[in-house]
Amino acid sequence: MQATDPRRAVEAVWRIESARLIAGLARLVQDVGLAEELAQDALVIALEQWPQTGVPPNPGGWLMSTAKHRAIDQLRRRTRYQEKLAEIGRSQETAAPEDEERHDIEDDLLRLIFTACHPVLSTEGRVALTLRLLGGLRTDEIARGLLVPEPTVAQRISRAKRTLTTRNVAFALPSPPELAERLASVLEVVYLIFNEGYTATAGDGWMRPELCAEALRLGRLLAGLAPREPEVHGLVALMEIQASRLRARTGPDGEPVLLPDQDRRRWDRLLIRRGLDALARAEELGGTLGPYALQAAIAACHARARTPDDTDWPRIATLYRVYGELFPSPVAELNRAVAVGMADGPAAGLAVVDALAATGALDTYPQLPAVRGDLLDRLGRRDEARAEFTRAASLTRNARERQLFTERAQ
Amino acid sequence: MRYLVLLKAAQPATPPPAELMEAIMQLGAEAGQAGVLLDTAGLQPSARGTRVDLVGGTITVTDGPFTEAKEMISYALYDVRAKEDAVEWAHRFMALHRDHWAGWEGTADVLEVFGN
Numbered sequence: 001m002q003a004t005d006p007r008r009a010v011e012a013v014w015r016i017e018s019a020r021l022i023a024g025l026a027r028l029v030q031d032v033g034l035a036e037e038l039a040q041d042a043l044v045i046a047l048e049q050w051p052q053t054g055v056p057p058n059p060g061g062w063l064m065s066t067a068k069h070r071a072i073d074q075l076r077r078r079t080r081y082q083e084k085l086a087e088i089g090r091s092q093e094t095a096a097p098e099d100e101e102r103h104d105i106e107d108d109l110l111r112l113i114f115t116a117c118h119p120v121l122s123t124e125g126r127v128a129l130t131l132r133l134l135g136g137l138r139t140d141e142i143a144r145g146l147l148v149p150e151p152t153v154a155q156r157i158s159r160a161k162r163t164l165t166t167r168n169v170a171f172a173l174p175s176p177p178e179l180a181e182r183l184a185s186v187l188e189v190v191y192l193i194f195n196e197g198y199t200a201t202a203g204d205g206w207m208r209p210e211l212c213a214e215a216l217r218l219g220r221l222l223a224g225l226a227p228r229e230p231e232v233h234g235l236v237a238l239m240e241i242q243a244s245r246l247r248a249r250t251g252p253d254g255e256p257v258l259l260p261d262q263d264r265r266r267w268d269r270l271l272i273r274r275g276l277d278a279l280a281r282a283e284e285l286g287g288t289l290g291p292y293a294l295q296a297a298i299a300a301c302h303a304r305a306r307t308p309d310d311t312d313w314p315r316i317a318t319l320y321r322v323y324g325e326l327f328p329s330p331v332a333e334l335n336r337a338v339a340v341g342m343a344d345g346p347a348a349g350l351a352v353v354d355a356l357a358a359t360g361a362l363d364t365y366p367q368l369p370a371v372r373g374d375l376l377d378r379l380g381r382r383d384e385a386r387a388e389f390t391r392a393a394s395l396t397r398n399a400r401e402r403q404l405f406t407e408r409a410q
Numbered sequence: 411m412r413y414l415v416l417l418k419a420a421q422p423a424t425p426p427p428a429e430l431m432e433a434i435m436q437l438g439a440e441a442g443q444a445g446v447l448l449d450t451a452g453l454q455p456s457a458r459g460t461r462v463d464l465v466g467g468t469i470t471v472t473d474g475p476f477t478e479a480k481e482m483i484s485y486a487l488y489d490v491r492a493k494e495d496a497v498e499w500a501h502r503f504m505a506l507h508r509d510h511w512a513g514w515e516g517t518a519d520v521l522e523v524f525g526n
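Residue numbers (our numbering), protein chains in the order written: chain R, 1 to 410; chain Z, 411 to 526.
Please keep in mind that the hints were generated in silico from the structure rather than gathered at the bench. Just so you know, even glycine gets a beta-carbon here, dropped at the ideal spot from N, CA and C. Take these hints with a grain of salt, some might be off.
[As the list claims (entries may be wrong)] In silico EDC-like pairs for lysine to aspartate or glutamate, Cα to Cα no more than 16 Å straight-line:
| # | chain 1 | residue 1 | chain 2 | residue 2 |
| --- | --- | --- | --- | --- |
| 1 | Z | K418 | Z | D463 |
| 2 | Z | K493 | Z | E429 |
| 3 | Z | K493 | R | E37 |
| 4 | Z | K493 | R | E210 |
| 5 | Z | K493 | Z | D519 |
| 6 | R | K68 | R | E37 |
[Claimed, not checked] Covered, in the sense of this in silico footprint (three residues per stretch, anywhere, with C-beta under 8 Å from a C-beta of chain R), are these stretches of chain Z:
| # | region |
| --- | --- |
| 7 | 461-469 |
| 8 | 493-505 |
The whole structure should be built from the sequences, with the hints applied where relevant.
As structure tokens, this is what we get:
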């Protein structure tokens, strides 16, 4: 029998501990970039020592005290950090009771998420920094996940860290008046990561499940840290339910299979159950449902339907109308058209699509001609349908999707 | 990737110490908060279970207890990036037993779930 590779065992500890480690260090040194460097230093030492000595009984604590020692060494050499040094000394002397410590770690993790997703950063910077600091991914892993060159990711991360420093972003929780906006920024980043995996916009792959899994873990982490925020549960519900269909979304040759054609026996019942539970929590917290919880409620309609015919299309159409009123969006309107087309027939759906097409808002969006083509097809207007699918195929950047549209244009 | 961790051990003569149960709850809370623990539960002794066998074309149904020295005690379903992560969680779980229940012995099998 072969023992597990020690290096990989150390990396596993790193994946489990790194976010908490960086978060705790960032509170001490008040600098996310420096905190990450210190954590990385501790990892390097662990990679040298643990294969010989074995993983220590409390690896997280070991990494933290090693990183703190590094911090003190570094800070000693830089007198302008005297104040911070005093701070670290103090926090080491005052041994907090375990409960309080745990609470502190949770707050530190929240601070880390809010900092990594800070609105002063570019969206790309936020995504890369979140995957790096919260997900514990290496630069090359992020690059592979996002399908961009490794130097690009490295650049995004270092630029984001620099921006945090130059803009003097404090390692702190948002004040109550800015909480809603800051939380929205966090949720946006997590859902972007999920969608990057769920519908690969470019390239040959239809989806990259590992990115979805990463986003799901981030969302679940956030739900544990901010359990009173309904939209966090809404987002988790949405992602769990969407992820429950991952296995059913591709055919044997990797081609996409759309919702009505999916083999529902392949849906992941465990993720559906978790998603419905999360949606119930969002609803229990009360108030008007936010954009994620509303989308989750729509996804739940599909998840609850054992067969496509069981789908509660009138409810879905209503939910899309509510969504569109609260958060006007042409894409939501297009989805409402699909639901209306199912609830009230293709002619009613086509009327919604045509009104939407007239606005010109989705002129380059491949799903618009695809939906229109489907409705026309159901109305028996084959030639017009073919033209729409040809147009959809010419607009999409995803190779698999193009193939799907091209087939429907035959 | 999804991993099922199955804990096997001899049925103990005494219930597990309270400190162990508390530590297990804490570890489960940590893994749940990290977003990696999808599901976990303990299992009743096989004396309360039943076995359905298919041997030589014949299906037989036999009430427990099963004859194996080790029984399934609990399961945990993890969603992690690599097998080593699930192994690390299983390792921590076993360390709790070592630290809180002198003399206890058991086995945790870490198995990858197909297609996830």
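Hint by hint, here is what the structure shows:
1. Z/K418 <-> Z/D463: violated (20 Å)
2. Z/K493 <-> Z/E429: violated (28 Å)
3. Z/K493 <-> R/E37: violated (26 Å)
4. Z/K493 <-> R/E210: Holds, at about 14 Å.
5. Z/K493 <-> Z/D519: Status holds; Cα separation ~12 Å.
6. R/K68 <-> R/E37: Given that 16 Å is the threshold and the Cα spacing comes to 11 Å, the pair holds.
7. 461-469: violated (count 0)
8. 493-505: holds (count 7)
In the structure shown, a violation is registered for the earlier hints numbered 1, 2, 3, 7, in ascending order.
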